[in-house]
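Protein sequence lines correspond, in order, to chains D and X.
Whatever position you read off the first sequence (first residue = 1), add 145 for this note's numbering.
Whatever position you read off the second sequence (first residue = 1), add 145 for this note's numbering.
No lab work stands behind these hints: they were computed from the structure.
One or more of the hints may lead you astray.
Unchecked claim - Taking CB as the label site, the calculated pair distances span:
{"#": "1", "chain 1": "X", "residue 1": "212", "chain 2": "D", "residue 2": "191", "range": "31 to 41 Å"}
{"#": "2", "chain 1": "X", "residue 1": "187", "chain 2": "D", "residue 2": "228", "range": "24 to 34 Å"}
{"#": "3", "chain 1": "X", "residue 1": "193", "chain 2": "D", "residue 2": "250", "range": "18 to 28 Å"}
{"#": "4", "chain 1": "X", "residue 1": "158", "chain 2": "D", "residue 2": "147", "range": "19 to 29 Å"}
{"#": "5", "chain 1": "D", "residue 1": "233", "chain 2": "X", "residue 2": "232", "range": "14 to 24 Å"}
{"#": "6", "chain 1": "X", "residue 1": "215", "chain 2": "D", "residue 2": "187", "range": "34 to 44 Å"}
{"#": "7", "chain 1": "D", "residue 1": "245", "chain 2": "X", "residue 2": "171", "range": "42 to 52 Å"}
{"#": "8", "chain 1": "X", "residue 1": "249", "chain 2": "D", "residue 2": "146", "range": "36 to 46 Å"}
As the list claims (entries may be wrong) - Stretch-level coverage of chain D by chain X, calculated; a stretch enters the list once three of its residues show a Cβ under 8 Å from a Cβ in chain X:
{"#": "9", "region": "176-182"}
{"#": "10", "region": "198-205"}
{"#": "11", "region": "220-228"}
{"#": "12", "region": "239-253"}
A virtual CB, placed ideally from N, CA and C, is assigned to each residue, including glycine.
There are 2 protein chains.
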Amino acid sequence: MIPFKEDDTFSAAFTLSQQVYDGFISTFGDINPLHTDASFARDKGFEGKVMQGNILNGFISYFIGMALPIRNVIILSQDILFRAPVYLGESLTLMAKVEDIHESVNVVTFKYDFTNKQNIKVAKGHFQIGIL
Amino acid sequence: MIPFKEDDTFSAAFTLSQQVYDGFISTFGDINPLHTDASFARDKGFEGKVMQGNILNGFISYFIGMALPIRNVIILSQDILFRAPVYLGESLTLMAKVEDIHESVNVVTFKYDFTNKQNIKVAKGHFQIGIL
């Protein structure tokens, strides 16, 4: 029994906090100057240090594992397109919508996007989950 | 000037260490029972706690930002397909190969895979970077 139907929509809010930024760096060590050197980032045309895009993939991990209405899920695949830079302290809304349901194999495909407070869609993509 | 040519290949080794696992959980809070409860995971047919797939996306962040031969890069898009579970303590090799070069816009597309010590390809996908 798949507890989703097409077009079901789920959302959650996330903040690119100092704690998340520091935690990502201490876990993975990505201190590329774009993410850590504001003057380097400004020289490249950004407003300041650009947050690591894969922080958003960490938010997706939480969203799938903890915010969907069931716990017996596993991620099969994901994609993400980064449309606009995200900066330290920004708050994002993740909206995910059921796009396809594959009943015979208990697989559900969602499309999602992250929107910031200026209503800019900063990233979008899909994830596919299996129901265990 | 794009410092890559088609079929250039890069690799790096990563370990799903206790430190990475704990860091990912404390940063993102994904404590889904599949990742934290070995008996739940075994009931679902796995050997033990399955690591969060997005830890691999964190490794990709490091790889792009820190292991490629240039620092002036930004990720434009990524995809990942999870082919086999990864467990605590496993070591993975990430191999990435230049698939396409878009000279006019300074964009390079790679395909990649993660292989474990049993030579199982546990994940694969693509990432596209812009050279700043």
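Each hint tested on the structure:
1. X:212 - D:191: 31 to 41 Å: violated, 22 Å
2. X:187 - D:228: 24 to 34 Å: Since the Cβ atoms of residue 187 of chain X and residue 228 of chain D sit about 40 Å apart, the hinted range of 24 to 34 Å is violated.
3. X:193 - D:250: 18 to 28 Å: Holds: the Cβ-Cβ distance is about 24 Å, inside 18 to 28 Å.
4. X:158 - D:147: 19 to 29 Å: violated, 38 Å
5. D:233 - X:232: 14 to 24 Å: violated, 34 Å
6. X:215 - D:187: 34 to 44 Å: violated, 19 Å
7. D:245 - X:171: 42 to 52 Å: violated, 34 Å
8. X:249 - D:146: 36 to 46 Å: Since the Cβ atoms of residue 249 of chain X and residue 146 of chain D sit about 51 Å apart, the hinted range of 36 to 46 Å is violated.
9. 176-182: holds (count 5)
10. 198-205: Per the Cβ count (6), the hint holds.
11. 220-228: That given contact holds, which follows from 8 residues of the region 220-228 of chain D lying within Cβ reach (below 8 Å) of chain X.
12. 239-253: violated (count 0)
Violation of the numbered hints given earlier is confined to hints 1, 2, 4, 5, 6, 7, 8, 12; the remaining hints are satisfied by the structure.
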